[in-house]
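Assemble chain B onto chain A, guided by the hints.
Protein sequences, first through last, are from chains A and B. Following my numbering, the numbering of the first sequence begins with 826 at its first residue and continues without gaps. Following my numbering, the numbering of the second sequence begins with 5 at its first residue and continues without gaps.
Fair warning: there could be bad hints in the mix.
As the list claims (entries may be wrong) - Below 27 Å or equal to it, Euclidean Cα-Cα: the simulated BS3-like pairs (lysine-lysine) are:
# : chain 1 : residue 1 : chain 2 : residue 2
1 : B       : Lys-171   : A       : Lys-1035
2 : B       : Lys-260   : A       : Lys-832
3 : B       : Lys-92    : A       : Lys-953
4 : A       : Lys-846   : B       : Lys-171
5 : A       : Lys-846   : B       : Lys-257
Hint data in this document are derived by calculation from the structure and do not stem from the laboratory. Model, not experiment: these values are computed from the prediction.
Each chain is listed here by its residues.
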Amino acid sequence: MHAIEIKNLNKTYDNGFVALKDISFSIAEGDFFALLGPNGAGKSTTLGILCGLVRKTSGQVRVMGRDLDQDPQAVRRLLGVVPQEFNFNQFEKVDDIIYNQAGYYGLSRRQVRPQLETLLKALDLWDKRDSQARQLSGGMKRRLMIARALIHQPKLIILDEPTAGVDIEIRRSMWQFMRELNQQGTSIILTTHYLEEAENLCPNLAIIQKGEIIANTSTKALLSQMEQTTFVLDSFATLDHLPMLPEVQLQALSATSFSLQLPKGADLAQVMASLQQHGIRVQSIRPQSNRLEELFMQLVQQPKAQQPKAQQSKAKAVTGQSTGSRPTSEV
Amino acid sequence: MIQHPYWVMFATIVSKEITRFTRIWPQTLLPPAITMLLYFIIFGNLIGSRIGTMGGLDYMSFIVPGLIMMSVITNSYGNVSSSFFSNKFQRSIEEMLVAPVPNWVILAGFVGGGMLRGLIVAGIVTLVSLFFTSLQVHSLAVMLLVVLLTAMVFSLAGLINGVFARKFDDISIIPTFVLTPLTYLGGVFFSITLLPSIWQSLAMANPILYMVNAFRYGVHGVSDIPVLWALALLSLLAGVFWFWALRLLSIGKGLKQ
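Isolated chain A, as found in the complex:
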């Protein structure tokens, strides 16, 4: 069964702005799926339609086999929503916000008390349960919204930029939390501007631009289509000149650093050996940007006609743990 099935979804706002143009995609049950795209591309509109805050113009949406039009209440029971912006009453206490949310799902305080304790402890908010929401830090507020979304134990959770503005330490602990949640069987749909986050967590993704899906595949398949990867290298000594090497392009960035464009299929070890032969001793190497970020920029910047057809192929249902690959290395 699909966690989400979207067919021919269209949305035109009252002011005439066409936010979604006949998009279709599906997400397998148990998947950790990234929905990526530039600002204003239609990500939040898609998620808004899923959780009932935006009315679709046409099209079909099914969540765990339930049709949004025919059975909206069942769909809402299946979903947990973590929105992009803080949308709780800042003057309410942390535990009241979560208890009230449970109440909106028809669950009494007594019923959800153990779940509330588990969530607040897991998200490191237990000591703050009696504090007013406005007294929390930005990271805590984000985690409060995650706890709130999970109190009724949804089958599918929508995370709309859950780690925006959160420091790296908390972001990593949130990733771990989300990973565990996914491993326990919760399907997750994530939007994020941190493409490293999507690459780390999500085995499958779709990229949306100007209301259209321009890529919908597995993260691995998408990354394998990269024509080239750019690395930044630092050398031990000052560089007088850069050698000409076959296949790769080198460009000086400073006295001791340079970039290296490595085409798909080229052997990095061989390139490193050639650099050594030319007297360049490499101190460190790192990707110029996140791989997915590089590909994302290539995709959203080129006209639709030039986008590789394979990238528009239907996502295969890949479930479970993400690939977790990250090409950062120190040599």
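Only chain B this time, still in chain A's reference frame:
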């Protein structure tokens, strides 16, 4: 015992409303007590003693039912309009909209909260009035029916105002320019029999006149209008506002894009 989910949803919204207006009691519960205390001292005691009787009652006894109704009207309306608009403004209304809460439960929850504040304030004002006069109960059924229906009508009207409001100013326009004039001209401080006949006919078009007089009937057994008309009007307004508000919620007016 597992409670029905709809009951839990309703109770959650109502208890959230109670928490809100009791947390900010200096803004919600204290001002009506102070204002009404001043009304009783100035209009009831100081000026009222010179007026003598009104509608067959001493002036203090005459104005008490009207002032209680005035408190119910302004507090029920104000509670729902400001709470609903704040929820909309802070987007915390989305907590309900993403959950499987039926629109009629959302409506009943907000209206329940507004009615409770109206009734609590009515209780406070009644207690304050007891320092100045003794109150009788002519018909408890009429009193309760009128006060409950009035609180309901104005809670519903407050929600409709909250739905249409786009900024905080928009929730003070109706109370300032509509409710206050209608209340002051609605027989709180005078019997309409004092008015020339043409003004009497005009006053009959003011729905608040019916509420105030019906409540005064419940307390003193005295009214300028037939009480059944008042109850029919209140029921009609409650029905019309209920379906209007429900329609606005179901189309997502001001809530969904």
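Tested hints:
no.	hint	result
1	B/Lys-171 to A/Lys-1035	violated, 31 Å
2	B/Lys-260 to A/Lys-832	holds, 21 Å
3	B/Lys-92 to A/Lys-953	holds, 26 Å
4	A/Lys-846 to B/Lys-171	violated, 33 Å
5	A/Lys-846 to B/Lys-257	holds, 24 Å
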